[in-house]
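J.: One letter stands for each residue in the lines below.
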Amino acid sequence: MKHVSGSIQPAGEADVRVPTRRALAKQQTRAKVLAAARRLFSEEGYEGATIRDIAAAAGMSTGAVFANFADKSDLFRDIMTSDIAELSRAMREAASKARTVDEALLKIFMAGYSFYKSQLPLARAAFSISWTAEEGQVLRCIEPVGAQAELIVEQLNAGIERGELSRECEIKLRSQMLFDCYLSNYPRAIFEGWSLDALQTRSRDQIRVILAGARRG
Amino acid sequence: MRQAQKEATRRKVLDAARALFETRGYEETTVRSIAVEAGVSVGSVFTSFASKREILSQVMEDRLEALYAELEAVAPRLRGPTADRLRTIFAIHFAFETRRTRLFLAHVAAAYDWTNAPSVKPYGRNPRLRQIVLDCLADGVAGGDVDARADLEAVVDLLMAAYAWTYRLAAWEGADADRMSKVMDAQIGVAALGFAPRAREASPSAS
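Line order of the protein sequences matches chains A and B.
The first sequence runs contiguously to residue 216 in numbering that gives the first Met the number 0.
The second sequence runs contiguously to residue 206 in numbering that gives the first Met the number 0.
Check the hints yourself; a few may be wrong.
[Stated by the list, open to error] Below are the SDA-like pairs computed for lysine to any residue, each with C-alpha atoms no more than 25 Å apart in a straight line:
1. B:K51 - B:R99
2. A:K171 - B:A176
3. A:K171 - A:R88
4. A:K71 - B:R23
Bear in mind the hints are in silico, worked out from the structure with no lab data behind them.
Okay, chain A solo, but in the shape it has when bound:
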């Protein structure tokens, strides 16, 4: 697995033109702020981390932070968006190697648990704010989150194509349950220190239960 700091680098900067010194400085500032924010969100939680603390940790003024990010929720969203985009790619890659729908779903789940294993406090911060009306809405609308839900739908569709699942298998309901189930196992890791093996065993059972009524024949 890639180290998390890899995702801090702005994506899509493959432009051959040498960036101006000013643009480069701005980019470095952003990266510095994001690294400091990631650390503080992990240590203090979302509520506990203030823009002032983040600025201090990054060695710059609050003004410099606000020149790059609208507010704290903008910062958090930026971190989550790049992480989840990276994770979505890992999930897609993992699922592509599976032969059955059960296996594909399990690989998707496990890609998530492995990814966050090393940064559970950040996952915890995300869960905490996801329950609030405003911030939760913001998190839910992060585009890669939709991509993950879509990836689960794709696995069910592939299962139908391969004849594993019935055509009347209520894809919308089942994929939602699978996604919720995937998310709900995180607290086991966050609060109870479950190992990846334990998460895998539990997930496999849950996937089996959710798909049982959808099998063909």
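Based on these hints, arrange chain B on the given structure of chain A.
T.: Using the frame of chain A, we list chain B on its own:
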């Protein structure tokens, strides 16, 4: 005497906090305003509780006590298929909790808070609902509509996941108890196909 006084203060603080959390909301309520409402000093609030979180968790525990007492009395007397009994149990929950949606959501969000002292018992760490659901499934095993080989703990987790995450409809879309119960009913239907004896025999091993 001293003990009685301390208990009285504690009671006053909890009553004031419950009222303020429900009218103003949890985030907007300060410990200072709780003290004012209770007619005690801020210092004496802190002799009873370590933090606002801890007050919230006690307020919720008191509220939930009534719900769990009701469920523990009702659940064993429910009749019919396991799926329907589960639907009733969760519908009672939603009906109860959506009377104070904001407070409940604050309680859920608090489960992920950093600064929780061991004395804080946030949402999800209360074993009573799990036990009620587990008992309901065990009755199903005895009654023959839940597979005896099913991993009941995994099924409980699955149902608790469906239950908890259905609250997002309340957090994000302002859904009421009826709507949440409908969504939950469908999810219980899916789970029931998974724990039914026949379905498990027909399903291939997923490993």
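J.: With a cut-off of 25 Å on the C-alpha distance, tell me whether A:K171 and A:R88 pass.
T.: Answer holds: A:K171 to A:R88 is near 22 Å, not above 25 Å.
J.: Decide if the proposed pair is consistent with the structure: B:K51 and B:R99, CA atoms, cutoff 25 Å inclusive.
T.: Holds, at roughly 18 Å.
J.: Within 25 Å, alpha carbon to alpha carbon, are A:K71 and B:R23?
T.: holds, 24 Å
J.: Hint check: A:K171 vs B:A176, CA-CA at most 25 Å. Holds or violated?
T.: holds, 21 Å
Checked against the numbered hints above, the structure breaks none of them.
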